[in-house]
Amino acid sequence: MTVGRSDGRTAVVIGVLTLLAAVWPSGRLAAQDSQFGIRGLGTPGKWESVRARTTGGAFAPFDAFSPLTDAVLADVRRMSASMTSGTSWRSVDASGTQSSLKSTRFPALVIAGPVTRRIVVGGGFTTYLDRSFGVVIHDTITLRGVQQPITDEITSDGAISDLRIAVAARLHSRLALGVGLHRITGSTRVNAKRSFADTLNYRTSTARDEVAYGGTGGSASLLFDVTSDVRVAGWFRADSKLRADVGGHTVAENDLPLMYGAGVQWRAGAQATVAGNVTWRNWGAVQSIANSHDTFNWSLGAEIGAPASPFRFGLRGGQLPFGVGKTPTEVGFSGGLGRQFSGGRGRLDIGLERLQRSGTGLNERVWTFLLGLTVRP
Amino acid sequence: MTRQLACLFLLVAAACTENATAPGDCPNFCPTDSIAIRDTIFISVIERDSSFRGYVPSYAAEAMTAADLPGVVDSRPFFTTDTMIRRVAPKVGDTTTVPISVDSSRVRFVIVRRPKNTTNLRLRLYQLPVAADSTATFASLDPAFTATPVDSLNVNELLGLPAIGDTQTVRLWGDSIRVDAAGHVLQINRLDSTIAVYFNLDTLQAPLSDADTGRIAWGVRVAADSFASVTLGTRESGGNAPLMRWFFHYTIPDTVSATPDSVVHADRAVATRFDNFVFNPPTPPLDSNLAVGGVPSARALLRVAMPASLHDSVDVVRATLILVPVNAVQGAPSDSFKVEAHPALTDLGAKSPTGTTAAGSTFIHIGSADTVKIELTNLVRSWSLDTTATTAFILGQVPEAASYTEIRFYSSRAPAFRPGLRVTYVKRFRFGEP
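Residue numbers (my numbering), protein chains in the order written: chain A, 76 to 452; chain B, 702 to 1135.
Extracted from the complex, chain A is given alone in its bound form:
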């Protein structure tokens, strides 16, 4: 009897299927929570692999395993898969009230492989909007003529995910074009609980439900090599309205923003690469939300060292779409390492990111430990 030895490709398929079963369709696909997203549609996810994220997001348009653009998939020469996970420790200062929060997420998953020499097909998940949060409110209300201390706890666990299938084609040795179709889907388990200090007379009220979200979108992107060392990227994305259903009944429909951006990458020798990009999103067009803002985000980063074990760092800045008063801002820095193994068939990326978000009445500081695994069977 001959016992077949599973090859690397089989292992990757099994690994990816296991990963999908583990994370889909649960809310763990969410990216990173923020209190700024509670009063809006959520907190926009970061469509970046660990490699891109440790460069402040600057490498995202040029990294095939960052689901930001589609054209860059044209660089994938072999069937590959990449997964990103992040554990965040978040301290929140809301008008002087401090709290510490923690969460672990799997914000991005990309699988891609060439169909022909010039055409690559890819897909995966990423977080479109994170909607995991919980607030506890202590208050005293007058009930039946008596002052009654109460505690409200409103929680939401889940996210709106972006399921993408994309095609990239190298039209010319210097030009690649990509288009993607997006299915925006996801759900949140929501819970609203009111408990009373007077437990003898008042029962705790608990309402639970599941909100299902849906929408569609399309994206297009372009990658152009100006020289052998300089590459520029441009991208555009439009989405339909985001529909929210409870029990099969549509309870809300909200506009989603247009997104466009551009980036540049410079290969400064064999062991150094520098990149930067800018992104605009017109979140202000979400009519149903009073305090929504258009956002502009930028990032700048570098990757230094041998391709097999590079060191990366980066800076990012920009705005968040939801917040009372002035537009909330976000600045951060990050760094990390990459390491290839198994003769380049696998790569492990780790990173650390520090973010600071500021808005009217709220400040957040976030440390995130990032871990990414890329496999090329």
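Hint data in this document are derived by calculation from the structure and do not stem from the laboratory. Model, not experiment: these values are computed from the prediction. Cβ atoms here follow ideal geometry from the backbone N, Cα and C, with glycine treated the same way.
Some chain B residues flagged as far from chain A (calculated, every beta-carbon gap over 12 angstroms): (1) I744; (2) G772; (3) V773; (4) V789; (5) G794; (6) T838; (7) F839; (8) P850; (9) R916; (10) D1071.
Cβ pair distances, simulated, as ranges: (11) B:T722 to A:T215: 14 to 22 angstroms; (12) A:V221 to B:A1090: 23 to 31 angstroms; (13) A:W355 to B:D734: 26 to 34 angstroms; (14) A:T274 to B:A1090: 21 to 29 angstroms; (15) A:V221 to B:S1037: 19 to 27 angstroms; (16) B:R891 to A:V221: 34 to 42 angstroms; (17) A:T274 to B:S927: 37 to 45 angstroms; (18) A:D284 to B:R749: 30 to 38 angstroms; (19) B:A1090 to A:R283: 18 to 26 angstroms; (20) B:P997 to A:V221: 37 to 45 angstroms.
Knowing the structure of chain A, use the given hints to seat chain B on it.
Just chain B now, kept in the frame of chain A:
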């Protein structure tokens, strides 16, 4: 490398604990909707309410009340005993019997409730006709109850005496006792604080009547400086029933005994055959109001027309039944009683079966005409969730038919004072909206 990978994944797995809840800074950083609460008195949801009498007769009650409240009530409990033997077999297995000679007897009553602040509380023992049964009335027994009492004891005086707790006493009585000069005994039950009192009677006070086959009947009246009212245990209350014990002796003839002509002393407790109480004035007949209590016991059936708004999109957090008494219940303060609301499992009118667990209860205080409120939160919550449930409940006194006390509430036929239901509820949270 594999080991390093494993370590990293273990690290990530260990970090997979969530804490996403923070103090809310509202309204800026809280969900748009909030948990809204409403408090509404539904004044017309209780309908088709009525009372029915005859559920529990006084002789089947788990207690019986002795009271002497001038102008209010005169309540007199009594009991009859089973037959008493006249001969005993001196030797086990021997068919020969010998006659017994009664020396004395002891009558026990267990006081399960008494007024704590009443002074000079006395119990008077009367011998009644042995034919007293469920047909006996206050009037028919009145001659016996107005005759000279057989004996009398003072509960307060006995309570004031030092407890006798020597080993011999505890061996015989099971616990310490208090004994007065006349030989009356009082014993306090450590578990439930009930009081057992014993009348010691000689053969003149309690003769063994051959004509009555040894059966005897005793009645009790109560007296005190004020608020003379106690409740005594009955056969239905288990070990608190009235008890009669005969003490006798007999002689063992020399032909059958190894110890000729020896005298043997023995005692025998006879079972209580019947117990009951009679009172005057009797419970008035039912009228258009909702009667709860009295003898035989009355219950009130109240049907609730649940508003559709309480079925949909709300979560009931408190529901209170509001009842307006027609009058304050008269009596001794210690006669305050409990009223329970039991859900009707199905609506069959007076014979509606009820759930064993009370949905709510309250105490009716003697002399108070205040509005009565009974919490029915769990019951109304269940009705809110289950539209097929029978939305009716039955009010009853606890224990039933143990006392002359009865309360009457205005029914839905009295528009100004009809029963109401006060419901506090949380409106459905609007999930899905930003």
